[in-house]
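**Q** Take a look at the letters that make up each chain.
Number of protein chains: 2
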Amino acid sequence: MRSPKLVIIGGVAAGASAAAKARRCDEQAEIVLFEKGPDISYATCGLPYYLSGVIDNRKKLLVATSSFFKRRFNVDVKTRHEVLRIEPAARQILVRDLANGREFVESYDRLVLAPGATPIIPPIPGVDLPIVHTLKTLEDTDRIFASIQAGRPQHAVIVGAGLIGMEMAENLALTGAHVAVVEFLPQILGFLDREMAELACRHAASKGVDFYLGEKVTAIISRDGGHLVQTDQGRELPADLIIMAVGIRPNIGLAREAGLAIGSTGGIVVDEYMRTSVPDIFAAGDCVESRHVVTDRSMLFPMGSAANKQGRAAGANAMGRRLAVKGFTGTVIVKVFEQTVAKTGLSEREALAEGFPVAVSYLGADHHAGYYPGAREMKIKTVAEQASGRLLGAQIIGEQGVDKRIDVLATAIYNRMDQEELIHLDLAYAPPYSSARDPIIVLGALGQNLKAGDWNPITPAVLHEKIRQGGDFVVIDVRTGRELEKTALIPGAIHIPLDDLRNRLAELEPHREAILYCAVGLRSYIGNRLLAMHGFTDVKSLAGGFGCWTFETEPLTAR
Amino acid sequence: MRSPKLVIIGGVAAGASAAAKARRCDEQAEIVLFEKGPDISYATCGLPYYLSGVIDNRKKLLVATSSFFKRRFNVDVKTRHEVLRIEPAARQILVRDLANGREFVESYDRLVLAPGATPIIPPIPGVDLPIVHTLKTLEDTDRIFASIQAGRPQHAVIVGAGLIGMEMAENLALTGAHVAVVEFLPQILGFLDREMAELACRHAASKGVDFYLGEKVTAIISRDGGHLVQTDQGRELPADLIIMAVGIRPNIGLAREAGLAIGSTGGIVVDEYMRTSVPDIFAAGDCVESRHVVTDRSMLFPMGSAANKQGRAAGANAMGRRLAVKGFTGTVIVKVFEQTVAKTGLSEREALAEGFPVAVSYLGADHHAGYYPGAREMKIKTVAEQASGRLLGAQIIGEQGVDKRIDVLATAIYNRMDQEELIHLDLAYAPPYSSARDPIIVLGALGQNLKAGDWNPITPAVLHEKIRQGGDFVVIDVRTGRELEKTALIPGAIHIPLDDLRNRLAELEPHREAILYCAVGLRSYIGNRLLAMHGFTDVKSLAGGFGCWTFETEPLTAR
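Line order of the protein sequences matches chains A and B.
Those letters in the first sequence? Residues 87 to 645, per our numbering, in order.
Those letters in the second sequence? Residues 87 to 645, per our numbering, in order.
Note that these hints are calculated values from the structure, not bench results.
It is possible that some hints are incorrect.
With a straight-line cut-off of 27 Å between C-alpha atoms, the simulated BS3-like cross-links for lysine-lysine are [claimed, not checked]:
hint: 1; chain 1: B; residue 1: Lys537; chain 2: A; residue 2: Lys572
hint: 2; chain 1: A; residue 1: Lys412; chain 2: B; residue 2: Lys537
hint: 3; chain 1: B; residue 1: Lys91; chain 2: A; residue 2: Lys537
hint: 4; chain 1: B; residue 1: Lys572; chain 2: A; residue 2: Lys146
Bear in mind the structure is a predicted one, so any value in this text is a computation, not a measurement.
Given the sequences, and given the hints that come with them, work out the whole structure.
**A** Set out below in structure tokens:
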């Protein structure tokens, strides 16, 4: 049997993975890879860190070269070659050599499409000015790097506070620039729930980054030899470097023209074997739709980790194998200065939009034993399906140990675990790594308590609305007097320290709704149990405690 | 319904957890806790780190006091009270107040037994000398601490290289003492496979700790005003501080006398609700048998994390709840100077002893993106069931990121995942936290390759034996010439760099068994594929590469 000829379009993450895996599946096949840009297989996710000098050498970004691919995998890599058209009926593509403009036809037996995605550039006046950049390719990076070298920017404005926007905020701040971020949503990192995003935003703001949330950039203008970013709030922000980071769009031009099915998300439709709707054409990476394992819906998930898996499967399957990509949990992680922010599964907002009635838990917990030096607190939010307790999602922010817990939770969600089942995990414990009760185990205990009806949490948003509307209930602060000195009471609350509660029951009315809160939620839970067992008929405790309450009352506003 | 009276015996991890949880389940019940020692609820796992000063204040070890338990949980804590006898028929116990010798009877409706475990002291001459210590309680710690303060030990000898032995080796070395470890097994950390233990041992040895493996201490003698530890190899090691860390034994005296069933492991038999064989008596912590979720057998698992879970369940169930403890994956982690060593599930040796035919993988991988500063290599070994691919266990050693990967693998094993299924996990990726292909994902790919027959690994031990016996096969080193300059060839091997292999096939015989190796195993896998597809009929590759080969040829010997 003759080996099929494989042609790959695109050579960064998915395309390069496809080429290497295809060769390992078929030594005889002819494999040709066309890449429009000058480089293949570079570290897209490292680009922001190269701009600040955290990654100190451009060479480190180049994972593999064309000559390496020839030598090791016998793959013919043609960089600076743009594919103009796919002709599925003829099994051929039309290619232009960008070096000389020459066009030629290349035949294929199997085709892997991995053309990636392109940053969205909103159509606003001034967006074509040379100080405006996007960050997706190594060429983009070289341009920004050159402009940083040429004259260190004093004022950088980033439009969009997603992953790239926040990574660029940190890395441009590290170059010494003053950084302002304009985001049209009322929060940063739109995949998070608002209060978790708020924590990340406050941290970045504490590092000197200015945020203008809920604002839209309307124009970029030149004035007095400089430039200004104008917003719909009438603001004018000085800028000598502007990064447009409002999102990316799958490159589907070739696919659509060739008649491949495009999904409602805007990505190429593929099955779990990365097959498109047209025989012998596979697709992988930022250009395709992925399956979300919690919702079972299609989504765009343009992550390097996804591209590598999809490319590997596409390369194997193009050579006759049958490797599945089952989908993604939607796991995201981002460094925001000294904090790490991560999410897996669904946010509360997303879960509600999917029609799940949810139970939400908040937890503040040290990343390792509190008595071992260096313990850092994490804030964790989980979202579970109310009736079953099935874990739907989690969000974590903290300085240390965040990536570990989010990966454990991603593994739990993949395995459709209920939150209460987390308590059965046997996680590694020694004081330098965890607490005798790891935060994950505590989440399991919270799940058990919730299911047993031992704990009746109320979210800050709901309590806030209750207080606004008024009614017959009492709010009880169970923190110590010393703690109270440093903060404030929730308006209208009375103060009974937890350890006095048992002796001061007479001050309370058993049939009046009571809402307890403490600093993070542990003591209010203990108080909740105590009152319930003393015959109090309607006791709740504030999820996340006073720490989360402040998200409701002190939102970060435009500065 | 009258609330039951709960009596708890033992107040460290399991007993204190039981008391606090019992109160949250029943506000009215009388709860009395007897503890033989002077303290309750202290951080057993932190004790070694206090001795070195890493934990700088004894107070930090005291998690909760008796007065706190009274105040918050209305629990009567009686420290320095020894329980002498349990009388199940009468539902009462006999107690001695150690302060005054007074004995009294205490009745109970429900009893939770949490007396812990006691260090084993081998019956060797000299073991009663005052320089010989064990480390289990805070009182033990105070004694060792006092002896360190009194005259900084120059020569510490640790007998036993398990978890406590290795933690003490590090922490005593930090005090400036010269540390020697004598272990009767031929390796340290007996729960690991030998080659993984070897890596940890070499690291500790590089920090100045001397190891005497496969040696037994026969006596501790006094000579010339000092002390010597004598071994069965005729060795005499000077010592002014000796730690006996050869293991612990469950405290089952009370239980046995009261007729409770004791298992073959030596622990108290409990069901998943922590019920002993006698009605209304529960047990938790180091004194009980636990279920291993992989083997479904009973084991002793004296870990703080287990004690907390078991105590919580025992406390709840004593009050009429029904909380299960499903078992443990056998997860263990220990800091060995700058390295972390961890295991979950079964070692290769344990899996073979359980009768599992196994497939073993080795992986060397950076803990985060190699191009991001600070990447550190981990060595990972996995053990899977050969036919099904079910993941049975994993061992990891490295400087960073070990705890994260072992927890993900523990979660995978709990969920009975096959190794190849790991590739479907959606783990958090950004360069500061992981690689685009996280080591866990690569383990999944290895699992797929193994199942597809693309990869035919041979372990160092098997290759070593093959070479010893001789036969018609060729061993091929596919590393680069430059790499070879720094190390050596495996005896009899020929050298063909991977990138030359395709052009030098003529030098090889397609029907002769070929065994490839590289540094860690990736390139030998690629070469394995290449030769197989060129018609070579019997190709294998050395699991773990040259890095693991050296375990066979350069074992750490007594020094």
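**Q** The structure should be examined with respect to each hint, and the outcome stated for every one.
**A** Consistency of the hints with the structure:
| no. | hint | result |
| --- | --- | --- |
| 1 | B:Lys537 to A:Lys572 | 60 Å, violated |
| 2 | A:Lys412 to B:Lys537 | 18 Å, holds |
| 3 | B:Lys91 to A:Lys537 | 26 Å, holds |
| 4 | B:Lys572 to A:Lys146 | 23 Å, holds |
Of the numbered hints stated above, the single one contradicted by the structure is hint 1.
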